[in-house]
Structures are given as C-alpha cells and as structure tokens.
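Chains X and P, in that order, give the protein sequences.
Read in the working numbering, the first sequence has 17 at position 17, and its numbers run on one by one without any break.
Read in the working numbering, the second sequence has 155 at position 155, and its numbers run on one by one without any break.
Read the hints as simulated data drawn from the structure, not as lab findings.
Watch out, some of these pointers could steer you wrong.
Said to hold, decoys possible - Once the Cα atoms are required to be at most 30 Å apart in a straight line, the calculated DSSO-like pairs of lysine-lysine come out as: (1) 63/P to 115/P; (2) 115/P to 96/X; (3) 163/P to 219/P; (4) 96/X to 39/P; (5) 219/P to 89/X; (6) 56/X to 163/P; (7) 223/P to 83/P; (8) 39/P to 63/P; (9) 115/P to 223/P; (10) 163/P to 46/P; (11) 39/P to 115/P; (12) 163/P to 39/P; (13) 163/P to 63/P; (14) 89/X to 115/P; (15) 115/P to 83/P; (16) 46/P to 63/P; (17) 89/X to 46/P; (18) 39/P to 89/X; (19) 96/X to 23/X.
Stated by the list, open to error - Each pair of labels, with its calculated beta carbon distance range: (20) 117/P to 27/X: 46 to 54 Å; (21) 52/X to 126/P: 55 to 63 Å; (22) 59/P to 18/X: 52 to 60 Å; (23) 92/X to 91/P: 49 to 57 Å; (24) 52/X to 206/P: 30 to 38 Å; (25) 94/P to 92/X: 44 to 52 Å; (26) 54/X to 123/P: 44 to 52 Å; (27) 44/P to 5/X: 54 to 62 Å; (28) 27/X to 147/P: 31 to 39 Å; (29) 143/P to 36/X: 42 to 50 Å.
Stated by the list, open to error - A few chain P residues that face chain X, going by a derived Cβ cut-off under 7 Å, partial list only: (30) 58; (31) 59; (32) 166; (33) 171.
In this text, a Cβ means the ideal position worked out from N, Cα and C, and glycines have one as well.
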Amino acid sequence: MGAGFVAFLAVLGVIPRLTQLTKTMKMIRYYELAVVFGAVCGGLGTLWEPSFSITKYILIPIGLASGTFIGMLAAALTEVLNVFPILAKRIGIDGKIVYLLMAFVFGKIFGSLYQWIYFVK
Amino acid sequence: MKLIVVIHTTKYKENIFLGSERMDQTVYIRLRHRIQVRKNDSIILKDIAQIIANEEVYGQLEKLHVYQVSENDNNIVVIDVMKVIQLITNSFPRADVQTIGPSQVIVGVISKKKKISFPVFLSVWLLLFIGAALTIMNFHEDVSMRIVHQRIYTILTGEVDEKPLVFQIPYSIGLGMGMILFFNHIFKKRLNEEPSPLEVEMFNYQMDLDHYVAMNENKESMKQIDDI
C-alpha cells in the first residue's frame with residue numbers, strides 16, 4: 001500500500017509540477033517530508049481514531065486543500081492528457097482547447113457537488 | 001572552409017566567368033519542417049527552405065519552381081530533400097548542395113478556412129462535462145470518499161455528521177482549482193510563462209502525426225515488393 005502510494009505520486013508527477021509552478025526546486029526535499037508526514041498522520045488517524053474538538057470551520061481550508069490535490073491527480077492522469085489533443089484535432093479547434101479543458105473542470109466540480117448534496121442519502 | 005570558398009567566388013566574380021577554373025558554388029539548404037499552402041498554389045524553393053548561396057545564384061535559386069499544387073492532391077504533400085537536390089542540380093549543374101536539418105518538408109494544403117460548427121463544439125463540450133462528472137463520482141465511490149470525509153469530520157470536531165458539507169463543498173471547488181493549477185490556465189490568462197503539460201502533449205501529438213506522414217506519404221522513404 002505504502003509503495004503503491006509513493007509510486008502513484010511519482011508517476012503522475014504532481015510534486016514535480018508543483019515545484020515547477022512555484023519555482024522551488026531546491027525545497028523538494030521538504031516536500032517529500034511533507035508527503036511522508038501527511039501519510040503518517042493519515043495512517044494514525046485511521047487506525048488510532050483520535051478525536052479533537054476543534055471548530056468545524058477548520059474543515060474549510062482542509063477541504064479546499066484536499067480537493068486541490070485530488071484535482072491535480074485527476075488532471076495528471078495521462079489518459080486525460082492524451083484525449084485532449086486528439087479531440088481538439090478532430091473537431092478542428094486547436095486554439096480553443098482551453099474551453100474543452102473548462103468543460104472538464106466544471107464537470108468535476110458539478111459531479112462532486114451533485115454527489116455530496118443530492119446523490120448521497 | 002566551404003564558407004571561405006563562397007566569399008572567395010563572390011569577390012572574384014569576373015574571374016570566375018572568364019577563367020577556365022570555375023569553382024563549385026556551395027548552396028546550403030535547410031528545409032522547413034512544415035508549411036501551409038492554398039489549392040493551386042505554386043511552390044517555389046524559398047517557400048520550403050532557407051537558402052544560403054552566393055549572390056549570383058541566390059536570386060534564381062529562390063524562385064526555382066518546386067511543386068505545383070493541383071486539385072487532386074491530398075491535403076498533405078511531402079517533398080523529399082532528394083527531389084529538391086535533383087531540381088537544383090538540374091538547373092545549376094555546378095552547385096554543391098549541402099543540406100542541413102529535416103530531410104523532408106510537409107506541405108499542408110488548405111482548401112478553405114474551416115469554420116467550427118457550434119453544435120459540434122457544444123456536444124463535445126457536454127460530452128466532456130458529463131464524462132468528467134461521472135468519472136469523479138465513480139472515483140469517489142471507488143475509494144469510499146464519503147466515509148473518509150465523515151471520518152475526517154469526526155476526528156477534527158468530535159461530532160458525527162452524515163453529510164459534512166462544510167468539508168465537502170470546499171473540497172469540490174478545490175477539485176476544479178487543482179486541475180486549473182495543473183494545466184496552468186485560467187481561460188486565456190496564464191499563471192506563468194512555461195508551456196503547460198497540455199501544450200507539450202499537443203506538440204508531441206503533432207510531432208507524432210508529422211513523423212507518420214513524413215514516412216508514409218513520402219513514396220521515396222519505403223520500398224516494398226508489390227507482387228502478391
């Protein structure tokens with residue numbers, strides 16, 4: 001499981017992409033640490049089942065961060081990257097590929113919201 | 001060494017024309033990777049290649065007729081460098097042709113400016129939208145995301161909530177933000193100067209197509225036994 005988790009991160013290239021965007025290649029060691037630390041905390045959380053009594057509004061930034069991470073994973077899936085160029089060529093909109101991308105983004109947001117608000121009883 | 005020769009020949013132009021020891025004229029040709037023309041255009045050497053040659057031949061070389069695009073051409077024509085060399089040596093027997101770069105040029109013949117039909121675009125947009133929505137729901141069910149959300153809610157607040165929307169709504173918005181961040185695009189605006197993974201992928205796809213076309217549309221690049 002742990003090995004699978006690390007391979008998943010490494011193959012999909014979320015961390016490299018983040019360092020590239022923020023131009024912080026030198027800090028990559030600390031990012032590794034952050035991933036390890038996060039994985040350990042998650043492991044402890046599921047097995048040990050601690051309970052804190054913090055205000056529930058702390059969940060807003062945490063939710064946003066976890067969503068962003070999953071979003072980057074979804075975007076990094078190579079299938080997504082391979083489909084877009086072919087699709088854009090087929091319907092002849094090389095320049096407007098951003099709009100197709102937006103369809104994808106809004107689809108993810110909509111699907112997720114729908115599931116949480118209506119789909120689940 | 002060759003370059004020196006070229007300068008030398010231009011300098012003593014008269015001598016070359018009069019004298020019996022005429023030196024070779026070196027012509028450097030670099031084919032372009034990909035060009036676009038319209039139907040019935042006539043392609044001259046300047047269109048398909050960068051040329052370096054001495055002044056006396058450059059003018060003629062530039063306008064050397066290479067190919068006439070006709071009605072029954074496909075939308076892609078490949079011109080091989082060997083054909084170009086042959087044309088040059090036919091017209092300038094003394095030219096010493098040096099080629100640099102790609103060994104064929106891909107000529108895209110554009111019939112008309114294609115207009116994107118809006119219904120097609122809209123249906124593709126909806127397809128992607130619905131597909132993306134479905135796959136994220138599949139993923140959430142697959143990894144029991146709801147239970148994990150409830151667990152996180154309980155761990156942090158100490159309460160139990162069947163629908164921890166205070167976590168889930170920011171999570172959903174974050175999903176979109178993460179994808180935009182990864183692709184480095186908010187509509188036209190870019191977050192930084194680098195090409196996004198999508199643009200790199202588009203480029204790779206185009207290169208693969210070009211490579212395929214260069215090999216398969218170019219009759220000179222393959223030899224097969226035709227008798228069956």
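To see whether the hints hold, each was checked on the structure:
{"no.": "1", "hint": "63/P to 115/P", "verdict": "violated, 33 Å"}
{"no.": "2", "hint": "115/P to 96/X", "verdict": "holds, 13 Å"}
{"no.": "3", "hint": "163/P to 219/P", "verdict": "violated, 65 Å"}
{"no.": "4", "hint": "96/X to 39/P", "verdict": "holds, 26 Å"}
{"no.": "5", "hint": "219/P to 89/X", "verdict": "holds, 25 Å"}
{"no.": "6", "hint": "56/X to 163/P", "verdict": "holds, 13 Å"}
{"no.": "7", "hint": "223/P to 83/P", "verdict": "holds, 17 Å"}
{"no.": "8", "hint": "39/P to 63/P", "verdict": "holds, 19 Å"}
{"no.": "9", "hint": "115/P to 223/P", "verdict": "violated, 39 Å"}
{"no.": "10", "hint": "163/P to 46/P", "verdict": "violated, 68 Å"}
{"no.": "11", "hint": "39/P to 115/P", "verdict": "holds, 17 Å"}
{"no.": "12", "hint": "163/P to 39/P", "verdict": "violated, 62 Å"}
{"no.": "13", "hint": "163/P to 63/P", "verdict": "violated, 74 Å"}
{"no.": "14", "hint": "89/X to 115/P", "verdict": "holds, 13 Å"}
{"no.": "15", "hint": "115/P to 83/P", "verdict": "violated, 35 Å"}
{"no.": "16", "hint": "46/P to 63/P", "verdict": "holds, 7 Å"}
{"no.": "17", "hint": "89/X to 46/P", "verdict": "holds, 29 Å"}
{"no.": "18", "hint": "39/P to 89/X", "verdict": "holds, 21 Å"}
{"no.": "19", "hint": "96/X to 23/X", "verdict": "holds, 28 Å"}
{"no.": "20", "hint": "117/P to 27/X: 46 to 54 Å", "verdict": "holds, 48 Å"}
{"no.": "21", "hint": "52/X to 126/P: 55 to 63 Å", "verdict": "violated, 44 Å"}
{"no.": "22", "hint": "59/P to 18/X: 52 to 60 Å", "verdict": "holds, 55 Å"}
{"no.": "23", "hint": "92/X to 91/P: 49 to 57 Å", "verdict": "violated, 39 Å"}
{"no.": "24", "hint": "52/X to 206/P: 30 to 38 Å", "verdict": "violated, 53 Å"}
{"no.": "25", "hint": "94/P to 92/X: 44 to 52 Å", "verdict": "holds, 47 Å"}
{"no.": "26", "hint": "54/X to 123/P: 44 to 52 Å", "verdict": "holds, 47 Å"}
{"no.": "27", "hint": "44/P to 5/X: 54 to 62 Å", "verdict": "holds, 60 Å"}
{"no.": "28", "hint": "27/X to 147/P: 31 to 39 Å", "verdict": "holds, 34 Å"}
{"no.": "29", "hint": "143/P to 36/X: 42 to 50 Å", "verdict": "violated, 21 Å"}
{"no.": "30", "hint": "58", "verdict": "violated, 35 Å"}
{"no.": "31", "hint": "59", "verdict": "violated, 37 Å"}
{"no.": "32", "hint": "166", "verdict": "holds, 5 Å"}
{"no.": "33", "hint": "171", "verdict": "holds, 4 Å"}
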